[in-house]
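Since the structure of chain A is provided, determine the placement of chain B with the ligand on it from the hints.
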Amino acid sequence: MTNTTAGAPRTLYDKIWDAHVVERQEDGTCLLYIDRHLVHEVTSPQAFEGLRMTGRKVRAPERTIAVPDHNVPTTWDREKGIDNEESRIQVEALDRNAREFGVNYYPVNDIRQGIVHIVGPEQGWTLPGMTVVCGDSHTATHGAFGALAHGIGTSEVEHVLATQTLIQKKSKNMKVEVTGRLAPGVTAKDVVLAIIGETGTAGGTGHVIEYCGEAIRNLSMEGRMTICNMAIEGGARAGLIAPDETTFAYVNGRPHAPKGAQWEAAVSWWRTLYSDPDAHWDKVVTLRGEDIAPTVTWGTSPEDALPITATVPAPEDFTGGKVEAARRSLEYMGLAAGTKLTDIAIDAVFIGSCTNGRIEDLRAAAEVLRGRRLAEGVRGMVVPGSGLVRAQAEEEGLDTIFKEAGFEWRLAGCSMCLGMNPDQLAPGERCAATSNRNFEGRQGYKGRTHLMSPAMAAAAGVAGHLVDIREFAAVTA
Amino acid sequence: MDKFTTLTGIAAPMPLVNIDTDMIIPKQFLKTIKRSGLGVNLFDELRYDREGNEIPDFVLNQPAWRDAQILVAGDNFGCGSSREHAPWALLDFGIRCVISTSFADIFFNNCFKNGILPITLPQEAVDALMEDARKGANARMTVDLENQTVSSSDGQEFHFDIDPFRKHCLLNGLDDIGLTMEKAPAIDRFETQMAQARPWI
Ligand code: SF4
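Note that the protein sequences, when read in sequence, are chains A and B.
Number 133 in my numbering belongs to position 123 of the first sequence; there are no gaps in the numbering.
Number 718 in my numbering belongs to position 145 of the second sequence; there are no gaps in the numbering.
Quick caveat, the hints were computed from the structure, so don't treat them as lab data.
All C-beta atoms, glycine included, are put in the ideal place defined by N, C-alpha and C.
Any given hint could turn out to be false.
As the list claims (entries may be wrong) - The following residues of chain A were derived to be distant from chain B, with all beta-carbon distances above 12 Å:
| hint | residue |
| --- | --- |
| 1 | D146 |
| 2 | W273 |
| 3 | P287 |
| 4 | D288 |
| 5 | R380 |
As the list claims (entries may be wrong) - Simulated restraints on C-beta separations:
| hint | chain 1 | residue 1 | chain 2 | residue 2 | range |
| --- | --- | --- | --- | --- | --- |
| 6 | B | K708 | A | P325 | 23 to 33 Å |
| 7 | A | E208 | B | E764 | 54 to 64 Å |
| 8 | A | P325 | B | P758 | 50 to 60 Å |
| 9 | A | G474 | B | E764 | 55 to 65 Å |
| 10 | B | P636 | A | P19 | 54 to 64 Å |
| 11 | A | G387 | B | G625 | 42 to 52 Å |
| 12 | A | E326 | B | Q766 | 53 to 63 Å |
| 13 | B | G625 | A | R34 | 47 to 57 Å |
| 14 | A | E96 | B | P636 | 26 to 36 Å |
| 15 | A | A436 | B | E627 | 19 to 29 Å |
| 16 | A | P194 | B | E764 | 43 to 53 Å |
Isolated chain A, as found in the complex (with noise of 0.2 Å):
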């Protein structure tokens, strides 16, 4: 384990975890404080159940803040209600709970629901050097913030509610560096697919990744959160970025954000949290950002990333057990080997989750989309990722671009991104999503999945098929 004794050089990582250490046990076993607790619907009855069978309440209610996301209807008849309803039982307890137990609670028919994720730090209860948890793998987004978050199950919810503490060992060290400055049309999306295919859905089992370099310095907030929030799709459980100017500029401001003087010692303490230059790091990797070219993945796990101007690989170009997958990836993606990435035809276009469902996102889309429209054949739909995302893009214009395109505008939640709602994918039915998870089912029973940018999704839409964006920028601008 790295070494954290006074004085001796520390990541950000270990920085952030001794500030958190309530008691640590001799066999490394820490309780750790946790300063934020995100709650959706899926994950947390079970555990308000737990509460209620003991008699136990939540300890820090001010800290927990509740939403519903996953199971919530996009389209703009909400108010009516659920009609699924398993779903509606769903978020209906999350009512319940979050109002007998007293915690913050932004209900479906606030503007400032959203995707957990995104409401968030929108709201300003992330903030750099905090601990944040949620019963759900993608919290790794708030390490943007420079904030140590990572994904939790539900019996740990209803640990983390009854104690605001979680039993945890300390993890790994692992840096991942992105030297030099990207190319034109590379996103902060194509990076963390990049960074994938690189090391592996297991890449970063046990460790949690520090994300630095040049290339990830430069990105916006935005881009941050879409390179965290894939850390666990590279096996980490918690991904950070140091936080800067750029974090402070963000964060200022917010409804949650602390002021005046408590702003200025906030800052204060924030412009410490950076690994020292001589810390241990049990596993290092470097990409050269000019290195990376738009990506797509192209099976069933997001570790099947490949560069846009790629062909589909064949199982005999694995080894070990990844060639029996990879033959299972093909047929369930109905893919021949050798077959040119740009030559894969799209029947649906997904725009949104709490991968690529904020304004820049939408932005970044809109702009491929702007006096275009979507192939003959082709559907498409945008999700923003909050209320106020969604507010805000109808104030710059961005519904009318893409509702002119062919899209459908809808109201923010997971939506297609896991289909618990509605919103899936038919059997067969191939899409170009912004999402972070290809996985079997995924989608819809039977849908393909490939990931990819903004960008990327949207001009895919308009071709038809998949497409090098840096190309069809330089043909069709």
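Positioned in the frame of chain A, the structure of chain B with the ligand alone reads:
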């Protein structure tokens, strides 16, 4: 939580790598507000066709493995979503132990909270146990948590490592929350200190 001491039972071979939690329990079954009853939908999309008929080829549908209590699985088992419905579904089906070369972190953690023992072993050991599991109902594996060993039906024995605290909790069926609640004074102290050091939180 049920105690876990020793287990002798049938092991089902699932050599596929990267078995994710969407495969273990697809999203349509996450709408429950209970912990129990998920066993019939364990591996649903691998196990049943669209009409709900069993797919005969799938290992848990074959007579030899219908009562499996152990899974021997490919690398990176349990990756993806944090849903604790995955261990709940395994448990409800009757699986108390999963053996693989590696597990995704959150799934690994969730197992311990539900009395399931995830065992990490080197490739050669998992290969040997996979072979043994293929023999089906006549071959029973034994997992001994106290002594930290897995024995195949033909008497090969493999030692595994486990965190001592987790072992203690599993052996005694202890609930973490109760243990932590006893530390309330330490948590109170921490909160007082924090209110001074980082009052904005
Ligand atoms: S948008 Fe998708 S990945 Fe994000 S929280 Fe919702 S379901 Fe999970």
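Structure-based check of all given hints:
no., hint, verdict
1, D146, "violated, 6 Å"
2, W273, "violated, 8 Å"
3, P287, "holds, 25 Å"
4, D288, "holds, 26 Å"
5, R380, "holds, 34 Å"
6, B:K708 to A:P325: 23 to 33 Å, "holds, 27 Å"
7, A:E208 to B:E764: 54 to 64 Å, "violated, 42 Å"
8, A:P325 to B:P758: 50 to 60 Å, "holds, 58 Å"
9, A:G474 to B:E764: 55 to 65 Å, "holds, 57 Å"
10, B:P636 to A:P19: 54 to 64 Å, "holds, 59 Å"
11, A:G387 to B:G625: 42 to 52 Å, "violated, 31 Å"
12, A:E326 to B:Q766: 53 to 63 Å, "holds, 59 Å"
13, B:G625 to A:R34: 47 to 57 Å, "holds, 51 Å"
14, A:E96 to B:P636: 26 to 36 Å, "holds, 33 Å"
15, A:A436 to B:E627: 19 to 29 Å, "holds, 24 Å"
16, A:P194 to B:E764: 43 to 53 Å, "holds, 49 Å"
When held up to the earlier numbered hints, the structure conflicts with 1, 2, 7 and 11 and fits the remainder.
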